[in-house]
Structures are given as structure tokens and as C-alpha cells.
Amino acid sequence: MTGGDLITLLPLIVLTASPVVVMLAAAFWRSHALALTLTLVGLTATIVSLFIAAGRTSRQVTPLLSFDAYALFYIGLLTAATAGVAILSWNYLQRRHVHPEEYYMLLLTATLGGAVLVASTHFASFFLGLEILSVSLYALIVYPIYRTQFVEAAVKYLVLAGSTSAFLVFGMALVYAETGTMTVSGLAPLLRAGLGGADVVVVLGVVLLLVGVGFKLAVVPFHMWTPDVYQGAPAPVGAYVATVSKGAVFALLLRYFRPVSLDPGSSLFLVFAAVAIASMVAGNLLALRQDNVKRILAYSSIAHLGYLLVAFLATGERAAIAVTFYLVAYFATTLAAFGVVAALSPPERDAESLSDYRGLARRRRWTATAFTIALFSLAGMPLTMGFIGKFYLVTAGAGSALWALIIVLVLTSTVGLYYYTRVVVAMWVRQPDEGAEAMGAAVDGASGAVLAALTAFLIVFGVYPAPLIHLIERAVSSLL
Amino acid sequence: MAAVSLDHGLILAAILFVIGFVGLLTRRNLIVVLACIEIMLNAAGLAFVVAGARWGRADGQVMFLFVLAMAAAEVAVGLALAIRFRQSLGRLDVDDADEMKG
Amino acid sequence: MLQLLWIIPALPAAGFVVLALLNRHLGRRAAAVIGAGSVGLSAVVALLVAVSFIASPPPGDVYRQVLWTWFDTGGLAPQIAFYLDAMSVIFVVVITFVGFLIHLYSTEFMERDEGYTRFFMYMNLFVASMLVLVLADNLLLLYLGWEGVGLCSYLLISFWQRDLQNVYAGRKAFIVTRIGDTALIIGLFLLFTQLHTLAIQPLMAGAAKEWPVGSGFAVAAAALLLGGAVGKSAQLPLQTWLPDAMAGPTPVSALIHAATMVTAGVYLIARTNVLFTLAPDVRLAVAIVGTVTLLYACFCALAQHDIKRVLAYSTMSQIGYMFLALGVAGWSAAIFHFMTHAFFKALLFLAAGAVIESLGGEHDIFKMGGLRRKLPTAFWAFIVGAASLAAMPLVTSGFYSKDLIIETSLGSVDGNAWLWLGALVGSLLTSIYAFRLVFVVFFGDQQTPVTRRPRWRMLLPLWVLSALSLIGGFVWLPEWMGSFHPLENFLGEALPPLKTVASSFAYTGVSALLTSLVAVVGVALATVWLVESRAALGDFAARPTPHALQEFWLNGWGFDWLYEHVFVIPVKWFARVARNDLVEPAFSGLAWLNVQAWRALSASQNGVLRVYIAVAGVGLVVILAFVVLR
Amino acid sequence: MILLWYILIPAVAAPLAWLLSLSRPQAARWVAVAGTSLPLALVTWQWVAQAGALRAAFAAHGPGVAGLVQGTWLADIHAAWISPLGISFFLAEDGLTLIMLVLTFAMGLLAVLASWRGIQERVGFFHFMILWTTAALAGVFLSLDLFLFYFFFEMMLIPMYFVIALWGHEKRVYAAIKFFIFTQASGLLMLIAILALYFIHGRATGTYTFDFTQLLGTQMPSATAFLLMLGFFAAFAVKLPAFPLHTWLPDAHTEAPTAGSVILAGVLIKIGAYGMIRFMVPLFPQAVYDFRTVGMVLAVIGIIYGAVMAYAQRDLKRLVAYTSVSHMGFVLLGIFAWNTLALQGVVLQIVCHALSTGALFILVGTLQDRVHTRDMTKMGGLWAVAPRMGGTAMFFALASLGLPGLGNFVAEFLILVGTWQVSKWAAVLGAVGLVFATVYALWMMQRAFQGEETHALRFNDLVPRETGMYAALIAALVVLGFYPQPLIATVRQTVTSVQQITAGSPLSPKPTSAVQVGIPADRAPAAAAVADGTTTDGGR
Amino acid sequence: MTALFYIAAAVAVLATVLVITRSNLVHALLYLVVSLFAVAVVFFTLGAPFVAALEVIVYAGAIMMLFVFAVMLLNVSADSPLRVPTSAWIGPLVLVAVLLAELIYGIGLSDHALRAVEVGPQQVGDALFGPYVLGVELASMLLLAALIGARHIASQPESPAIEDPRLSGEEPDAPADAEGAT
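If you read the protein sequences in the order shown, they are chains A, Z, E, D and C.
In terms of my numbering, the first sequence opens at residue -19 and continues consecutively.
In terms of my numbering, the second sequence opens at residue 0 and continues consecutively.
In terms of my numbering, the third sequence opens at residue 8 and continues consecutively.
In terms of my numbering, the fourth sequence opens at residue -9 and continues consecutively.
In terms of my numbering, the fifth sequence opens at residue 9 and continues consecutively.
Hints are computed from structural coordinates only; laboratory data are not their basis.
Worth double-checking, as some hints may not be accurate.
Facing chain A, a subset of chain E residues (Cβ under 10 angstroms, in silico) [claimed, not checked]:
1. R550
2. A607
3. L608
4. I620
Using N, Cα and C, we set each Cβ at its ideal position, and we do this for glycine too.
For reference, chain A alone in the conformation it holds in the complex (with noise of 0.2 angstroms):
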């Protein structure tokens, strides 16, 4: 540690000052726009020292933290979209009358172990990280506490995220005790070999670790929680959950597993395929029929993490850049999704049933056009980001010969349009049930501009993509 490290740290830094800066302003005077206020502050001091970080040539800090192109470009996008939630949550919670300031406080440490995570090259760091992360969404799932879903969702959220961290340090143990070594660079000649080479308990040891990455990412057969957390879950903590948190931890796998190659043939290459597919299918399955928004975008993000492991199982710069462009893409998309999801939510409940959404065009125009835009960029329609990013997975996947694993992504992604237009149907064509409560109150300012920007950031890079595709070649640059 030097003090040019502390300037590397810089971004984390200010991560770590805010939600202690919300603290002890909230002490002296609880006023929810002062949270936001400094919470939005925060996250935007977080983005520009990213830039003053960039300047830094060295950036391995300790063992543990390596402040990448890579890793700068991640704290950047968890950031923003942690901008998105707060923002889109301002309304959420000013409507249920809780206190807010812990709420943007969970958010900033939650942001944090987020941080921590895209930066990490240590088995300390990813553990504390993702713990941090955990911690912070426990209390953030059941936040304004009030209905007995937000307890059920953060108790299940807890026991797994709890037991799976125990496989996921159990793991790391024996990969330990095998090899003596946590950092990447000193696994990446094990992993190199899909651990071919490798003693069985290095193996033992990198499934287990893999169970709480795999929960985190909810892919089959861990990915159970998801529709139950992200139904329970307050919408915008949903975003969260879906976004950053997965984000987070799947820019993570991709730095373990980016400057090797997995073998084919290989059972790690074998494992993440079975799982891959199986996402894919049981995700997109899984929602066929479903009748809550809030599930179906669960299930969704099941099936979408699948596709994100075709691409992570391709090889060479072009699948790490498919795979950032596509997180890219489902973080603007899903947190669209969600925010039209949390500006619609009355007081009571949110909005989450299908029927909510009857003939909400008719009502809100503007709202269900962002929402379906989001749908359709789920969907990968053109025009949308969805589109290129899925047309980037696709082609990274074909990149790589892995034709079995694109005609599975190919197919049930055909039958993921099934449900996706489902909500658009309940929104345009569908007349609102006789009788029941138009949902749909007047949608924020705040929620709108932030509806509006994301709606825009679809369409602008699913239009021309270019320059964000730069800017990510650059970052994963700094992988290989």
C-alpha cells in the first residue's frame, strides 16, 4: 500500500465514505431528499474518481484488488444503475411512508461489495465482497417490512445466500488447502486446464465454490429463490437484485475464467454447459404461463443467465466483450422493466399482476410504450440493445463452434417471446377486468426521467452500438 494506491482505491473509497456520510447525516437529520441527495452525490463522485482512477498505471492493489480497465468499467455501470434504483425508489418509498435513509445506505454498502467484487483477484476479497453485497440485500429485500412477502423473500434469501456462502467458503478451502494459492493469477494454470490436471479436491473445491456464484447468478439448480425474492422484494430492490447483484458477480466469474480457456472437453466446460442449458430451458419454461410481472421477469432473468454462460463458454476477446455488451444491456433493460414495475406499485402492494397491467396503454401511454420497449429488448427484438447483445452472445457462441449451446439459446428463446408478448398484450390489446382497481397512479418525475433515459439507452445503442462497443473492448482488454 502506498499513497498512490489510496488514489487507485479512489473509487472504493468513495463508496465506502458514502453510506457513512448518509449515516451520520441521518443522524443529525432525517430527511429523505437529503439521502437520496447524498446517496446520489455519492455514486456520482464514485463515477468521476473512476475517471482520475483511470489515469493510474499501476493498479493491483494488494492481493486482493485489482483496479482494471476491466474493473473500473464495472464500478462505473453498477453505479449508475445503483443511480437508476435510488432514484426509482425515491417514489417507491416516499408512497409507503418508511424511513428511507438505511434504505440508501444498504444500497451504497450493497454497491460496494459490488464494487469489490468486479475488482477482485482474491478469494478474500470475492468472499467479503459477495458477503457485503448479501448482508446488505437481506435488509434491503425486506425493507419496508410491513408485508409478510418481504419477510418470506429475505428469509429465503438469507438461508440460501447463508448456506451457499458456506459451499462457497468451503470450497475456497479446499481449492486452498490443494493449492495453496487465492489470488487469480495463481489459479488461472489450474483452471486453464478446466481442471483437468487438477487433484479431485481442487475440483471438489471449485464446484463448491461455484454453488454460491451459482446461486448469486440463480442458475439452475440454484436458482430456485429467484421468483419468490424477486415477487417478495420491493420492486426497485428487485432491480437491484437482478441487476447489479448479478452483474457483479458474473463480471467476477468472467475475470476468474476470461484469461483462460476452458478445454471442450473439459468436466468444469462440460458442467457449465449442462447448467447453461438447463437455465435456459427451465428459465424460459418456467415462465411460460406465469401471471405475476414480477416472476416472469424472475424466470426471465433465469433463462437470460443462460445465455450470458454460452457466451462466457466461448472463447477469445469477442465473448467477453458479448458478455459485458449484453450485461450492459439486461442491467438498462431490466432496470426499465422494474422501474415501470415500481412506478406503477401503489401503496399497498406493487403492481405485479398480469392484470394490473390490462389496458395500461390506454392509461399510460408513454409508461407501457418504456415497458414494452424493455419487453422487447428482453426479447432481443431489433432497435432495441437486446438485440445486438444477443446477436453479440450468438455470435461469440458461434465464435466458438458451440452450435448445440446456440440452438438451445435459439429455441427457447423463441419460446421466451410466448410470455415476454404476453405483457404486452395485457398492456395494449387487453380492456382492464370490470371492477378492478385501475392501477397505474401517476408516474414521477423522477421515475420518468429515469424511465425515459434507460428507454433512450436502449434504442440509441441498439441502433449504433459502436462506441459502446469501443469503450467495452477496451475494458475487457485488460482480461487477456
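With chain A's structure known, arrange chains Z, E, D and C on it following the hints.
Below, chains Z, E, D and C alone, put in the same frame as chain A:
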């Protein structure tokens, strides 16, 4: 000091770990479930200490410390949740938490 | 003058367009003037052209007029071009002239029907199409006319479309003829692919040059063209539509289903005679088809009750004669018979129309009777027509043309005794049924009151056609009557001459005598049976075997039944079975499977935390097992 | 630059229509009229203006000019787009494109006009979707970058989906999703094939590009080529649609609103044919040749099966929809025959089918607006009620059964005669299909319009707006029936160049001798015809 | 020392089994304490006295205190015996047996003796504030997050937006409905 085989240390950790896992699968009382998670985490920490002992370095113990911190955090939030759970559902039976499904 | 050629079809076509566009805005009178007038003008132009053609024959006795190139791609460049030679002259004149007479007749006949304009619209279109057919320079243009007349036939048969029976009949006519057309168009594919052109003359020249007699291509091409001809001309086995086609207004039957359209097959075969010369087997088939059809139709005609159906079968039979002539290479004879047949058959139909109209739409001959005094013009016209049909010797045109065919069937190098015998028997039967009709309709007791009498517009055509039926035959007298055959000379410019067996029995007066005798005997028999001993005939017909036979003939030998069961019912059955698409279950099954999978997976998400953990545990164990044991 | 306008005008008009409609719904219609007729005028102007250029290009290089290879486009745009992946914004236009564009905008305009009265709900959004579709369709026909093509190919699904789902009939949601899923699934298979091609080409040459002109002639094992060809075929066969992938079509066409049906039948399904001619066969001639028998069998089954199914229907619109299956069978047949005659026939069929079937759909639409049913058992005798409508229906029924004198006949004749030179049986069975076409066309007339009017239906005959539309379509079909040459001349270059591309494969057998046979056969009568034409022209 | 390891291990296993089988919650927690003590002994035998001490202080001391505190707070002895029926143990046991077998199979394949060096508090401290210094900071943030979270969860919401009947009608002494008290 006489050497304990690495395998035996790890096997002990594994045994404790799976016992915790059995508890997780069979016990419905939230407090016990949390205790089982503690058992598993403890076992994992044990594995780290064993591993550290193999290499004769402090890393294992450091990791144990982090696990310890995490366990503490987990338990703190977990027990707070248990209080809420009891308030919301009247009991501590995790099986009661099946409102959301499908 | 010949440059006016394109005007001939253009006039009725223009009439059609005008009528179509102004449909609703035209009065009946205007429609009649435009409808009949365009064809009349066309007839005048046709006469001018014909006179000009005969008076100052163009070089090579052929006049060709190119209007524009239809399209041009891949070596296929058919033109919209007309080709006038002796044969087309005859066809054009007959079509326009008879056509005009029938239009004139229709102006009165149809005057109380709704859709008066529509009627003339269709009729004009028909005349235009028919003219295109016979003037076409290439087979594709011919096909255009060919389909055009088929369409008009459909439209006019089902003209009274409020009655679905008529629509059904029209549909049947179109579909059955289209089956033949399909053969024709396949023939076109073949001809183009082999000879790289569709223009008729180069095609014939090319065929003669490239294909030896009896070559597979020639046989195939000729057979396919024959298929087309059979359909359009209602020959076996595609004859079933013609009797039903009588559902249309009578002038339509006269024009389309007697005088012109149905003879298109004859025209086609005569036009492509080179191909048929190259394919002797197919030509024999033509002769056999003709003979069999003529006999078949005679028997059917004997049993019919409906005056128009009798005439329809007689048309079929007479076209059978033409086919017979074509089959034995008597090209000119066939054309000759076409001409006389056009006159007398149009006459018969128009007379029948007058009768039907007078009786308020009655078609059943057994409800007519005794009309010779009430409708003298119709009666005499009918007598003339029937006599011509029955080939009463010397005075009727039908005699000369039919006698020529009977002669040719024996005297041609391709003829034989069987064909000749068939033709003779047919002739006997023809005169029997022709006069059966006369006796039943015009003699005996009147059964239905006459409500309306034809006026001049209906009568004039009857007179003119009667005259033509009587004198039309004198353009080609048999050898033993002298050597007067201008028609043969004229047609000789366009059609190859007949090769005859030297000093055949056929060309002696004996043969002609036999033909005459047969006709007279037929009339005599009809007289004896129907006038002298009608009761006995009735008793005979009531016996089981004759009754069954009569039923059999009445129903056209059960062809309709056969086709219904072999073709129509299976297709209908399939259509019913497949209505919801046979492939659909495959896709809906896939959807169903997906839903079942959703059900199963969805049930696993039961909300119980311990189950979730267990699933993760099982997954982990399976993965571990795979990784460890591999 | 003009090419960009073709996409931009409707694309800009689309949101404009929506936004304007928020205050004045009627404004959307006029914006839509402008948004389709403007590019229509533009492309027509270009057609007229460039006719000489097309002819010159053809004449200069003679038959077999490889316009595509030599880059002799009428116009093109080549701009960087997603360069990291070798994706460019590559638009180009040749004769075929020109025709497809004319068709696209004409059908778009027709769709707008046909919805003038029928669409009263969410007018602005409707026209937004129609214009969007038009823009995407224009993009599809203009793209020569395979990714761009796929982009537009997918893009037009969304508005079409909305059009069906929002303004359709009873089972609209089902039909829309079915359409969506079928097209999307097959489109993704094509995407896989495109990507495989991309990588195969990239590995071989080091240039990773989606530029179609560069991907042409990529060498690969024949088994691979066959699989990739199947990927393309899947997408285009679904679009076309070819038996047995056609089952989305009857549902989609039946349930779509009139405008949707018009665009679907008029342009959208033609993408299948266009894609096969432009991309599939030139890319994989050998594989297509290997697949030819199967393709032809499917085509023939499609022709006859579609016709029989049309006959079996009670729903008038469904009947018309199935006729498309039958007609597109001819198109498929012609493509697999792959010679000048057949291909010219295919293009002509594309145009004529659009006109005749489009008109039939509009007719059914107007009928449904008036009678409120499409069930033919509840109709009958309508001729007596609305004779003009009856006559119009008769005309288009005749067009659909391939009556000579109308464009459809020329098209089908060319296809079949071209097919005959490749497979006699396919041609014969295709011709038999014409008999079945007669059956359903006349059956439709009989059930809906003929017979006694028994359901006491009273409604207005055609109004002038409708009469005008039909008159234009009728005139077009008649002109195409008697003088299709302008159209044939326009696509001649494309047709010869795509054949030239495949010249080395057994698909275009004996390239040298074909030219030898082709030149005299093609040139000589053509020259004669031109000579004759001028004389007669002068004479008259 | 080796013997001590095995004895302590046996105690730990036994105590842990008792934790998950005891129906009385307090008993179970006490057995857990025993187990943790035994593990502390194991740590000691492995040459890690620092963590052994921490195990006793933090785990057995602080964390278990929390549990007991919670039990008291909730007065949960009434509903402590919530357990699945014996038959439901079969599945988990089989599953876990397979898991254990796999783990042991994997671990058993390697054969390394542990280094008999003691890693004392000094070394651990050096490591903690050397390479792992950021880890320590992060652990503090982890605890901060847990602190904020736990405090928020456990605190009574001041003005719940919606009156949840189950929430307002708090019933600490509600008789356990289903399985009754023992």
C-alpha cells in the same frame, strides 16, 4: 507437534459441514436453521484453518476471521429477521413461508 | 383491308370494356346496341377481310399481323400477333356472323332478364376470346383465347346465378375443361422446351424438321394437345360438362356450346395437324375418340327428356364426327362439318330457345307437343335443322359435310371399316333422335300453352340460319355430283390434302346412297315409333331392361357418377378431414408439450424453502458426481 | 443517398403520425399517405429515370452480366456501422430491389387507404405501425449486409405483431403470437447460418464481414453448406410460406386487419422469395441443387395442398389466405428451377400475387365491415346486393386461378415452363394445381356471391375510394397480363446475374452451352420482337 | 496432540449431531456451544491458537449469545420442536450421505501431512494488516452493513403505510397452534 493428516482435518470439516446441511434440510425452526448455517460456516472456516495449517501460513486463519465476521453479520441480520418472521407469521416455522409460489 | 384484322377481335373486346365500365349506367337499349352492334361490326369487318383475303390473297396465302411482343425472356418471346389463313378466315367469318345473329336473337330473348348488360358483356368477351383463339399466331395467345372462352362459358352458363344449379353447372364446365387445358398447357411446355418457340408456324416447321414420324416427343405433344381438345370439345372422357352446360340461356348454348367454342378442339387439332401427322397413333386415338363419342352421345340423346340436352348430346356427337375426320386426316372435311354444324346447330338451339321461351321456360319435351301450328317458324326452322343434323340427302348442308366425313373415314389411307361403320350407325341414330325430337315437340297434343311469340329479332336469325343450313353444303359437293369443291380448294391453302386410298368404295355413289338411306331409315323409324305406335313404344320402354337402359343413357352412361366417386368425393373427403390443417397438430402439439413442461416445472416452485435447498443440494451432488467420477 | 430516403421517409413519418394523432387522429392518415406515396413516387421516378440505365447495363454486358459482382448498382450506400464485427450499413439497389420497393410502398399506400374507414381505434398508433413496417420492409429489400438484412428482417416483426394483435379479429392474439414465434424461430436459425458463414469466411480469408458480396463464393465442405442452406431455407420457407411451415399464415392473414393482411400477403411473405433469390441460392448453389428435389416436392405439395385447403375453408378470409400458400408454392417451384424463365416468372408472380391477393383481402375486409362476418355459410347471393363488389371479386378470383390475360397467368406460365426444363413431374403437378385453383376460386364465388340471397343482408356497394383502389389494381393486373415486359426488363439484370453467380454449380448446368443456347434464343426473337414492335407501333 | 485432535473431532461431530436432532431449542444451542468449543480445541491442535481463542470468544461467546438472546426475546421455546417427521429425514440423509461420500472421496485422494508449525497471533496480525488490510476494512463495512440492516429490521416501523393485521396484532404468547409444546 505431531502431525495431523490434512485429509483428516478436511474430512472433519466435511462431516461437520454436511451435518449442518442435514439440519438445514430437516429442521423447520428458523433459529435452528440459522444455527445450522452457523455450523456450516464454522465447518468451512475449520477447513480454511486446516488448509492454512498445511501451508504453514497465516492466510487460512485470516480467512477464518473473515468468515467469522460474516457469520456474525449473518446471524445478526438473521435473528432480526427471525423476530420479524415471528411477528408476521406467528410462528418460527420456515415452512410457513410458502405464500409465494408457482 | 387485311390490316383491319386486329379490329375484328378488338371490336367485341371494346364492347366488353365499354359494357363493363358503364355497366350500371347503360339502359337496355344501349347495352343491346353496343353488345350486338360491336359483334355486327366485327362481322362486317370480318367479311371485308375475308373478301379481301379471297380476292387478293396475300403472299403465301397467309397474313400475319404483329401488334406487340407480349413478353420476352429466356428465349420465350410470344407476340400478340394474329395469323390469318384460309382456315382462320372460315372460323372468323362463321364466328362473327353466327355470333352476330345470336346476339341479335338475344336482344329479344333476354329482354326480360336482369343483368341484361352483363349478358352482353360476357357475350362480347366470348366473341373476342374466340376470335383471339382462332386468329392466334402462337400457342400461348391461342391458350389465352382458349381460357377466355372457357371463362365466358362458365360465366354464361351460370348467368342466372341466383339458382345454384346453374352456378354448379358453370363451375363443372370450367373445371372439367380446365383439366383438358392443363394437358394443353403441359403440351406447350413440352413444345417450347423442345423447339424453343411457341409461334405455331415455326413450331410446326420445327417439329416436321426435327422429329421423325412416331417420335416420342411428337406423340407426347400431340397427345397433350388432344387432351386439351377433348376437354374443350366435350369428347370422351371429358364430355360430362356439356349436357349440364345447357343450364345457361339458350343463345349461349347456341353460340358457345354448339356453334363455336366446343369446336375449338377441332380447330386446335387442325391447326397443329403437323404434329398429329407425326404421331399416327395419336391420330388414330383422335379417330377412335371421335367415333366412340359420337356413338355414345347418340345413345344418350335418344334417352333425354330435356330438349336442350338432346341438342347438347347431338353437338357432342357431331363434334365426334369432326374428330373422326381429323383422326383420319380429313382436316378440311372436319372444318367443313364445323361450318355446316355451326349453322344448323345454332339454328336448332335458337329454334329450341324460341320454343322454350314461348312455353315460359319449359324444357321437357314431353310437356311440349303439337306446337307446329302455334309456332310455325320455329317448327320449320327446327325441321330444317333436324334434317340437316340427320343429314337428309341432297337438300341439307349436313348431308354434304357428314357424307364427306363418312367417305373419308373409309377412303382415307388412315381410315378403316370400323370407323366407317361407326359413323354410319351414328348417322342412323342421329336421324332417329333428331326426328324423335321433332315429333315429340311439334306433333301430337299440345300440353303447355304458348304464352309468348317470338318477334323479328328472334325470327330473323332463324330464317337466315335456316337458309344457311340448307345451302351451306353446296360449297363442297361430292365427286359423284360433280367436281365443285371451292371450299376444299380454299382450305387446301392452309391444310394438307387428304391422302386417299385409290378407287375406294367410299367415293362411289353407293356409299353416298348408303348414307342417305341410313338417314331416311332413321326418320322412318322415328316416324313409326313415335307417330304410329307410340303406345307400344311406351310399353316397351316400361319393361325392366329397356327401362334400365334408358336410365343408363339418360344419365350419360354413368360418367358423372363415376367421376363423382373417383375424383370429387375423395377430394371433398380430404378437404373435410384436413379442414383444420393436417400439419397443425404437429405445431400445436409442440405448444402443448411446452405448456405441460411449464406445469411440471411450475409445480416444483412450491414456495417451500427446504425444497429449494434440496434442489440445489441434489444439483450439487449430481454435478459433483459427474466431476469426480469422470 | 436516395436509398436512405426510402427507409427514412416512412421511418420519420411513423412517429410523426403517432404524435400528430394525439391531437388530431385524422392527421395520421394523411401523414401515412404521404409517408408511403412519397417514396412510391420517388421510386417510380427512379424506375422511369433509370430504365435506360438498367437496359444499358444489361445491353453493355450482354446476358449474364454479373451486376452484383461487378458492383453495377443503380445506387448504393456503404457506411460503417458496427465495425468491430465487420457489420456495415450497406444498401444497394438493382432491378429486383426496385420492383420490391415499388411493391412495398404501393402495398403500404394501399394498406393505409384500405383502413380509412375500417380503423377507428388508436389511429395514430396504427399508422405508426404501418409506416414502421414499410420502412423495415424497404430496409429488408435494400440491405446487402447480412446482418443489416437480419436486422430489418426482425424489425418488421414487431409492428406486424402489433397490427395483428391490436386491430385484428377474434383470435388475433393467438394469430399474432403464432406469427411472431414462427418467424422469429426460423429467423434465428438463419442467424445461426449467417454467423457460421461469417466465421467460415473469416477463418478462411481473415476478413470478418457480413458483406454479402464478399461472402459470396465462400468455400466450405458440402455438408456444412447444406446445413447453412437449411438455416436460410428455414427462415425463408416460413416467410414464404412453404409447406409444412405454413400454418402461421392462415391464422395471421385471417385474423389481421385488412391493412395487415395486405402487407402480409403483398410484401411480407415475398421476403421469403426475395431472400432465396438474393441470398440463399447464390450463397449455396451446390447445396440448393442437392436440396432441389425436396424443395420441389414441398413446392408442389404446397400448391396442391394449399388449394385443397382453400377449398375446405368456410371462412372467406382463411380461404384467401390458403390461396397464398398455393401461389407461393409456385414461387418456391420457380426458385428451385432456377432458370431465367422461372425466375422471371417468380418475380412476376410476386408482384401479381401481391396485387390480386391484396385486392382480395381488401375485398374481404370491406365485405366484413359491411356484413360483419367472414363465414361464407352466412353469405350467398351477395352479387344481387352489391353487383360491383361481385364483379370485382370475380375478377380477382379469376386472377387468382391464373386466367390468361392477367399477370398471374404469365407468371405461372413462366414458372411452370421453366420448371418443366428441370423437372417434368413438378411442372405437371404444378399445372394440376391450376385446376384446383379453379375449384377454390369458383367455389368462393359461388358461396359468397352467387345463389339466392337468403340472409337478408343489405349494404352499400363499393364507394368511390374503394372503386378507385380496385380499378388501379385491375388495371395493373391487366397491363401485366398483356405487357409485362417493362417489369421483365427491369429485373432482367438481376435474374441473369444471380444465375451467373451460380454458374459453376450444377444448378445452372453447362454455363457455356447455356449461354450459347441462351444468346440466340434470347437475342434473336428479342431483336425480331423489337423490330416488329417498332414497326407495328409506327403502324398504329 | 494428534489424539487430542481426534477426541475433539469426535466431540464436535457428536455435539453437532445433537444440535440438529434435539427438539429443545435451548438444548440444541447449548450443544452447539459444545461443538464450537470442540472445534476450538481442534484449532489449537492444528497450531492455530489465535483463531482457537477467537472461536471461543466470538463464536461461542458473542454469536451464541445472540442466539440465546433471540430465543429469549421471542420466547420461542413453545414452538421449538418444529421438526419434520422422521420419514422426512431419509431423503436428506441419503442426499447428504452421497455428498459426504463425494467429498471424502475427493479429499481422500490427496495425501499431505499438515506442517507442524504453529502460526501464532503475531503472524496472523502481520498478515491481517499486511496484504489483507483491505480485507479488514471490508469486513468492517460488512459489519456496518449488518448493523444498519439488523437495526432497521428489528426496529418497529414508526408509521407503517398499511396496517397489516398480522403485524398490528402482535401476539408474543400466542399458543403454538400445530405441533404443541412438549
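Structure-based check of each hint:
Given the 10 angstroms rule on beta carbons, the hint for E/R550 is violated: about 73 angstroms separates it from the nearest Cβ of chain A. A least Cβ separation of about 9 angstroms between E/A607 and chain A falls short of the 10 angstroms threshold, and the interface hint therefore holds. For E/L608, the interface hint holds, since its Cβ comes within 10 angstroms of a Cβ in chain A; the closest pair sits about 5 angstroms apart. Below 10 angstroms, beta-carbon pairs count as interface contacts, and E/I620 has one with chain A at about 6 angstroms; its hint therefore holds.
Hint compliance for this structure: hint 1 is the single one not met.
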